[in-house]
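S.K.: Produce the entire structure from the sequences given, and follow the hints as far as they go.
Chains A and B, in that order, give the protein sequences.
Under the working numbering, the residues of the first sequence are numbered 1 to 250, in order.
Under the working numbering, the residues of the second sequence are numbered 1 to 353, in order.
No wet-lab data here; the hints were simulated from the structure.
Owing to the predicted nature of the structure, the values given are computational and were not obtained by experimental measurement.
A couple of the hints might just be wrong.
[What the hints assert, rightly or not] Computed, partial: chain A to chain B, Cβ under 7 Å:
1. I20
2. P61
3. A83
4. E179
Backbone N, C-alpha and C define an ideal beta-carbon position, used for all residues, glycine too.
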Amino acid sequence: MNTSKIKAIIIDDEKLAQDIVKNYLKDKNVEIVEVCNNGFEGIKAINQHKPDLVFLDIQMPKINGFEMLELLDESPTIIFTTAFDQYALKAFEVNAIDYLLKPFSSERFDEAFERAVQKIQSTGDNSSQISGLIESIDENPEKLSRIVIKSDSKINIIPVEKLNYLEAQDDYVSIVTNEGKYLKKKTMKFYEEHLDPDRFIRIHRSYIVNVDLLKQVDLIGKDSYKLTLTNGQTLPVSKSGYQNLKELIK
Amino acid sequence: MGNPFIKNSRITIVYALAWAMLALAHLLMLFFVQDIEFEIAIADALIFNALYFFIGLSLWYPTKFISFEHSSSAKILTNHLAAATITSGLWVLSGYFLLSKFYAEDIFYLKFLDASLFWRFLIGILFYCITVSINYVTIYYTNYKEKELKEAELRSLVNESELRTLKYQINPHFIFNSLNSISSLTLSDPKRAQEMTIKLSNFLRNTLSKNEKQKNLLKEELNTVRLYLDIEKIRFGDKFTYKEEISGKCLDIEVPSMILQPLFENAIKHGVYESIELVTIKISCIPEDKYLKISVENNFDPESVANKGEGIGLKNIANRLKLMYNQEGLLTTKKLGNVYTANVLIPTQKAEA
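M.R.: This is how it looks when you write it as structure tokens:
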């Protein structure tokens, strides 16, 4: 057994829910470095303390547990604690070590904890987890209603209605709104699958557009088109992109 | 469906009166125009009209069996023509037979009777047409009424089943999160754990029993809401406060059962779950003209972007109110700055429906 204490953070918006995790951890070789009430506090605490283990609720004010994870550069070992059973699949996609359904017994908690300890002790490096977070394959993905992005030290929560278009940029996607551009480490394929297909159309290998803002489409050459948004911006449309547009508008 | 002239005594009287009028007209015509002796004119009018009175009653049967739905129009026409000829012929002959027996000596009258036979026959046909038309109208009118009644029944059946699907459904996450709080309290504060268990049980019991009923008194609805808020208070501590402004006159008004609960769940969801500021939830109930006006308001974080799943609870309430009171627009919501208000109008007078 490793002698150094495991550093843990508890993130939950209900005090009693925090208490029970604290209680279950009492006799364990764990130091609870911080207890947070929401995702914002969570990000700050994780970046500051670099904990080994995080107990994370999903439904919380401002940003939920998954969105918080997206904003981390490096993810610690995660045990989800939630009353929602419908996120279990998604939880394992982001490489959570376990998923505790509230209310949970101390035996069930210990099981999850042991699993986490093994993982923490076997791999000093958790950074591989983040890649699973970025690219997840889901047969029928839940549609996004907002996108959370960290720029500088600020966290932006962008409702999908506010998106003008998305543009591929190497390993990133540039998310363009009226307020500005934001970079997010995701793929175009991810957004094509996770945005409402009635509103967001892949018009080009490098572009997904919000069709609510569509003003006009012009033919500018053989099989190539130009799309104009209501704010005057223009985007290229490929042949297959034009087919996608036609299907939606018809 | 039976013969309307017999089935309904009021219609029978009207029918008899109509024949009495006809007999009177008949009498006056014979007496003043044809110069027939008064006594004979009375006999003539009485016999012919009394006979048709009974024949008319029996005309229900040809109407019923010669229906428009099942035969061609040519067939209907011939059938009625035959029936009219037979009826009228029988009528005129039996009348003639009786009267010529009674007044065999009165040559003048007999001559008149002979000469009038053809006209009487035509009048018989006319009577046939009128009676049969009235019968048809009656049949169609009754069918129409029956259909309307059935449709109304069907509609209320559909309403009922719709209302059942629109019923309040308890949010399972609320239950599981509350149970988690209880589980936590059993370790730290068993007394409060017990208190919360009892509150949760009462809330569940109220919800289950109330869902059986369509309507409930406002004060009982408020009790359920208070239990709910007490439980959320244990979960969220000082994150929200609750205020009531309720006019005493409102407490005994009937409202749709569990109509308030979704409003408070929304207030908690958008106010408390999504915000890290202190939230104030306020309910006011005021009698207003022909309505009871219930307003639930909460402040919220305007920056928080609502996650999906919103609006279904409200839509259900709006639909329930529409179905129950047969009136649109009983639920309205508004956002003013960072305050969200849901207004419900409950009609307090019995609906005319």
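S.K.: Are the hints correct? Go through all of them and say.
M.R.: Evaluated hints:
Taking 7 Å as the C-beta contact cut-off toward chain B, the hint placing I20 (chain A) at the interface holds, the least distance being around 4 Å. Satisfaction of the interface hint for P61 (chain A) is found here, the shortest Cβ-Cβ separation to chain B being roughly 5 Å, below the 7 Å cut-off. Below 7 Å, beta-carbon pairs count as interface contacts, and A83 (chain A) has one with chain B at about 4 Å; its hint therefore holds. The beta carbon of E179 (chain A) is not positioned within 7 Å of any beta carbon in chain B (closest approach about 13 Å), and the interface hint is therefore violated.
Comparing the model with each earlier hint shows a violation of hint 4 alone; every other hint is respected.
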